[in-house]
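Note that the protein sequences, when read in sequence, are chains A and B.
Using my numbering, read the first sequence as starting at -9 and increasing by one per residue.
Using my numbering, read the second sequence as starting at 3 and increasing by one per residue.
These are computed hints drawn from the structure, not numbers from a lab.
Each hint should be verified, as a subset may be incorrect.
[As the list claims (entries may be wrong)] To spell it out: a stretch of chain B is covered by chain A in this simulated footprint if at least three of its residues, at any positions, have a beta carbon under 8 Å from a beta carbon of chain A; those stretches are: (1) 450 to 462; (2) 498 to 505.
[What the hints assert, rightly or not] In silico negatives: residues of chain B with every beta carbon more than 12 Å from chain A: (3) 20; (4) 22; (5) 126; (6) 189; (7) 310; (8) 321; (9) 394; (10) 409.
We put the beta carbon where it would ideally sit given N, CA and C, even for glycine.
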Amino acid sequence: MPRLTLTIDGRAVRAGRGQTILQAARSHGIAIPTLCNLEGLTPLGGCRVCIVEVEGRPRPVPSCTTRAEQGMVVTTDSERLAAARRMIVELLLAERNHTCAVCVMNGNCELQTLATYLGIDHVRYGFISPLASVDISHERFGMDHNRCILCRRCVRVCNEIEGAHTWDVGGRGAASRIISDLAEPWGESATCTGCGKCVQACPTGALFEKGAVATRKGTICLERLVEWRKRGEP
Amino acid sequence: MRSAELLDRMKKAREMLAAAGTRVSVCMGSPCIAAGAEAVLRELRAMYGGQAIHVTGSGCMGPCGRGPLLRIDRNGEPTAFYEKMTPADACAAVGAYLDGNANGPGRLAPDFPFIARQTRVVLANCGTCDPESLESALAVGGWSALAQAIVHLTPEEVCAEVSASGLRGRGGAGFPTGLKWTTVAKAQGTQKYVICNADEGDPGAFMDRTLMESDPHRLLEGMAIAAYAVGAEVGFVYVRGEYPLAAARLRRAIAEAEQAGLLGRRILGRGFSLTIRVRIGAGAFVCGEETALMASIMGRRGQPVIRPPYPAQHGLWGRSTLINNVETYGCIAPLIRNGSAWFKAIGSPGNSGTKVFSISGDVDTVGVLEVALGTPLRHLVEMAGGVTGGTFKAAQTGGASGGCIPEGHLDTPVDYESLTALGSIMGSGGMIVMNDQRCMPDVARFFMNFCQDESCGKCAPCRAGTQQVSRLLERICGGDADLADLDRLEELCLLMRDASLCGLGMAAPNPVLGTLRWFREEYEAHIRGGRCPSNVCEREDSPCHGLP
Chain A
-9 MPRLTLTIDG
1 RAVRAGRGQT
11 ILQAARSHGI
21 AIPTLCNLEG
31 LTPLGGCRVC
41 IVEVEGRPRP
51 VPSCTTRAEQ
61 GMVVTTDSER
71 LAAARRMIVE
81 LLLAERNHTC
91 AVCVMNGNCE
101 LQTLATYLGI
111 DHVRYGFISP
121 LASVDISHER
131 FGMDHNRCIL
141 CRRCVRVCNE
151 IEGAHTWDVG
161 GRGAASRIIS
171 DLAEPWGESA
181 TCTGCGKCVQ
191 ACPTGALFEK
201 GAVATRKGTI
211 CLERLVEWRK
221 RGEP
Chain B
3 MRSAELLDRM
13 KKAREMLAAA
23 GTRVSVCMGS
33 PCIAAGAEAV
43 LRELRAMYGG
53 QAIHVTGSGC
63 MGPCGRGPLL
73 RIDRNGEPTA
83 FYEKMTPADA
93 CAAVGAYLDG
103 NANGPGRLAP
113 DFPFIARQTR
123 VVLANCGTCD
133 PESLESALAV
143 GGWSALAQAI
153 VHLTPEEVCA
163 EVSASGLRGR
173 GGAGFPTGLK
183 WTTVAKAQGT
193 QKYVICNADE
203 GDPGAFMDRT
213 LMESDPHRLL
223 EGMAIAAYAV
233 GAEVGFVYVR
243 GEYPLAAARL
253 RRAIAEAEQA
263 GLLGRRILGR
273 GFSLTIRVRI
283 GAGAFVCGEE
293 TALMASIMGR
303 RGQPVIRPPY
313 PAQHGLWGRS
323 TLINNVETYG
333 CIAPLIRNGS
343 AWFKAIGSPG
353 NSGTKVFSIS
363 GDVDTVGVLE
373 VALGTPLRHL
383 VEMAGGVTGG
393 TFKAAQTGGA
403 SGGCIPEGHL
413 DTPVDYESLT
423 ALGSIMGSGG
433 MIVMNDQRCM
443 PDVARFFMNF
453 CQDESCGKCA
463 PCRAGTQQVS
473 RLLERICGGD
483 ADLADLDRLE
493 ELCLLMRDAS
503 LCGLGMAAPN
513 PVLGTLRWFR
523 EEYEAHIRGG
533 RCPSNVCERE
543 DSPCHGLP
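Chain A with its partners taken away, still in its complex shape (with noise of 0.2 Å):
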């Protein structure tokens, strides 16, 4: 239920009360970009891409996680948000090794999809391909680290949908990676229910199906299955 106003790019929006900023634009067909956010999970604001600006705040928040406020102005679209979201893009790019030509999504993933939204045809920074490592002990499915942008949807999907918390991230900065259970091999998890959420989840191709098929991703809707859990439906 409608119950406060605020401006997005000039116009009058109206939100519920605890909606975010994210929200209530895409309820009214403002697009921003998104790349960490999964709508049914917790919001992280880990990518920063979904930045925007907000009138008196001195730096860009993010929209997945900032709350709506009446009377508040954003702007979603501005060169300086663009050129944020370009940087970001780009040094995730080049933080791993993203090669589209050896990749399962290719075509079909968040990162690529993104980066082409945003216009990005080169990278101006060095490519660090810190050679990480794949596991492939699972019988169904594979984790290539390469791949990986460490948005932790995957975190999040086994932690709040499938309840196992099979993920989690280990060790910190450039050496996070996502762990299965205590740093395991994923096909050694006790508590990995091979459900295959955290592979529908992930935005590029760090989790996979294995096999000679494409993986398909994003055919379980995260939010009707919150949604339907919230009312008690099986």
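Using the hints provided, position chain B relative to the given structure of chain A.
The following block gives chain B in isolation, referenced to the frame of chain A:
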């Protein structure tokens, strides 16, 4: 113990101190212990312990770089300081003093500026009292402010007094402490927490360690007054893992205070109760950020979460939580004892009180000094005995989150606003002085590597940005960069400042932006001329050379 008993005990402790006559104190802070203070104390005890003079361990006396330090008090007044003591020298010095000879080995001049020019409020009892004895803390007035607060003041009055003093958070950002306390005091909910942020991780910062090691009761008293003011019954001191001595002394102080009824249930026979626990960090700089610190206390991964909600509304286990820095709590007891007007009279308008700095780098005397806020930077350098190995080039304030102050701004008063205007920050009080032999891009590289190692990895601008900025600085120092790299460097720094999730990422580019602002020509010399004006990066054996 009731407050009358406390007063009685304090009086007895004071009388004992006065009756001690000549007292020899050996600094038992970790720098002096590392320099061999324990052997000095042992030897002195063996030689003089049975006599009328009193030999004791004490807290930090200030000039840590000149340890082990020894101090001789007569009738409670310090009369002589001695530096760089060995057991033999110490015995000779004390012997000479007792014989009436003023110039024993290693004696510091009576007007030694590092000690004589300090304004000690927070560190008032450091070096005076024995950190491992409650009696010793009581003798110098420890815990009297808590008694005063809970007997004579309501929690609202305590908050009002702190607000009126103009005290600002000493952790770096300078948020008004009174406002924070009032917010927590007014927050809903019965269970509240107080936390002391003692995760002092900045390179070159050791003020908080000094206070915890030298006068742990002062910190606990400040926390107890805060807990009384905001209505908390549980407190945590989050000590970084690298400070085992500080943690041990805090634990001992907590146990002694609990035994004396100064902590625990029904403090001083009143309705106020407080339990304080020590939590040890596991070696993450980011855990000095308040939300990451709370996550760590709760046993979660030490990484920040987005504010708001602020800890005052939604802190430990979702309850309203007050977090202050060690030094902030250290200001509380004298503030309550002497009143807000007294506190406000120290320092400059808008920046009341004193600030403790740990000064290191290219200065004659490395150590901890406390001055009134607004003291010019030049005075601090002078107190430390001036610059060694060359002339003054810059001073880095605020550690890896701060910037540098060049020579032209040496007369800047050290206060929150003046430092911010120069692109630096007050930070927690680490101050690294650099002489003209230092290469500024190399300095920036050092701090950026530090931030890269310490980034938690949660947000992309900080995690990936620090990696790229580090690599760009390696290229510049290595002489492989072009001018476009300089633009890229600046652009990335501004992105990190704008878009990072927490204070670590936002402040990480400050050392780069600061050195770029004041020493851009050095960067250009590295790029255009392929040379390092300070001859740091040019040499084959320099740390900049041959790195990826």
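Now for the hints, and whether the structure bears them out:
1. Counting residues of the segment 450 to 462 of chain B whose beta-carbon sits less than 8 Å from any beta-carbon of chain A gives 9, enough to reach three: the coverage restraint holds.
2. Requiring three or more residues with a Cβ within less than 8 Å of a Cβ of chain A, the coverage given for the segment 498 to 505 of chain B holds, as 5 such residues are present.
3. Look at residue 20 of chain B: its CB is around 53 Å from the nearest CB on chain A, clear of 12 Å, so calling it non-interface holds up.
4. Residue 22 of chain B, annotated as away from the interface, keeps every beta carbon of chain A farther than 12 Å; the closest lies near 50 Å.
5. No beta-carbon of chain A is positioned within 12 Å of the beta-carbon of residue 126 of chain B; the least distance is around 38 Å.
6. With a least CB separation of 19 Å from chain A, residue 189 of chain B remains clear of the 12 Å interface cut-off, as annotated.
7. Distance to chain A contradicts residue 310 of chain B as a non-interface residue, since its nearest Cβ pair spans about 8 Å, not more than 12 Å.
8. With 12 Å as the threshold on Cβ separation, the claim that residue 321 of chain B sits away from chain A holds: the shortest Cβ distance comes to roughly 20 Å.
9. The Cβ of residue 394 of chain B lies farther than 12 Å from every Cβ of chain A, with a closest approach of about 33 Å, so its non-interface assignment holds.
10. With a least CB separation of 30 Å from chain A, residue 409 of chain B remains clear of the 12 Å interface cut-off, as annotated.
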